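Going left to right, the sequence shown walks through residues 19 to 146 as the working numbering numbers them.
Don't read these hints as lab results, they were simulated from the structure. All values derive from a computational prediction rather than experimental measurement. Warning: the hint list may mix true and false statements.
What the hints assert, rightly or not - Label-pair distances were calculated between CB atoms; the ranges are:
| # | residue 1 | residue 2 | range |
| --- | --- | --- | --- |
| 1 | 89 | 69 | 14 to 24 angstroms |
| 2 | 64 | 113 | 33 to 43 angstroms |
| 3 | 75 | 30 | 39 to 49 angstroms |
| 4 | 72 | 98 | 35 to 45 angstroms |
From the three backbone atoms N, C-alpha and C, an ideal C-beta is built for every residue, glycine too.
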Amino acid sequence: MDAQAALDELSLLSTQIVEAVIVADDEIVGRTTTDERASELGRIGRELLGVADSVRSDDAEIERVEIALADGGVLVVRDGGGMIVGTTVPAATSGLVLYDLRAALRRSGAASAKRPGRRRSSTEVADA
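All chains, full assembly: derive it from the sequences and hints.
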């Protein structure tokens with residue numbers, strides 16, 4: 019299934035997701051919104067993951083970020099070289115939305131695109 023088909027299916031299944039974009043290798047490969055808004059969501063997703071990565075005390079890569087606002091939310095899921103960014107209705111069930119976003123990302127094939135080496139946390143290194 020390609021990214022656009024995965025997002026089309028996501029739009030049919032999840033009433034809590036307002037808009038979404040899939041990014042693979044820094045390129046938008048699927049969207050449920052305009053080109054301009056998709057670019058903005060991609061940028062927002064990269065920035066949120068970058069900030070989240072910078073506050074970690076270990077080297078483990080952040081896999082998801084959730085921002086809850088009164089008028090909706092923004093959720094970002096990263097898997098391998100792929101990322102999906104979605105906006106939600108107010109008071110969305112974040113666990114369900116995260117599951118739906120992750121499933122769409124994996125169905126799109128973008129999650130397996132350019133899988134960088136996973137950075138291991140110091141705990142994992144000690145246990146290895």
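Between residue 89 and residue 69, is the Cβ distance one that fits in 14 to 24 angstroms?
Given about 21 angstroms between the Cβ atoms, the range holds.
In this structure, is the beta-carbon distance linking residue 64 and residue 113 contained in 33 to 43 angstroms?
24 angstroms Cβ-Cβ, so the 33 to 43 angstroms window is violated.
Looking only at beta-carbon atoms, does the pair residue 75, residue 30 fall within the given range of 39 to 49 angstroms?
41 angstroms, holds
Lying within 35 to 45 angstroms: is that true of the beta-carbon distance residue 72 to residue 98?
With a Cβ separation near 20 angstroms, residue 72 and residue 98 fall outside 35 to 45 angstroms, so the hint is violated.
When held up to the earlier numbered hints, the structure conflicts with 2 and 4 and fits the remainder.
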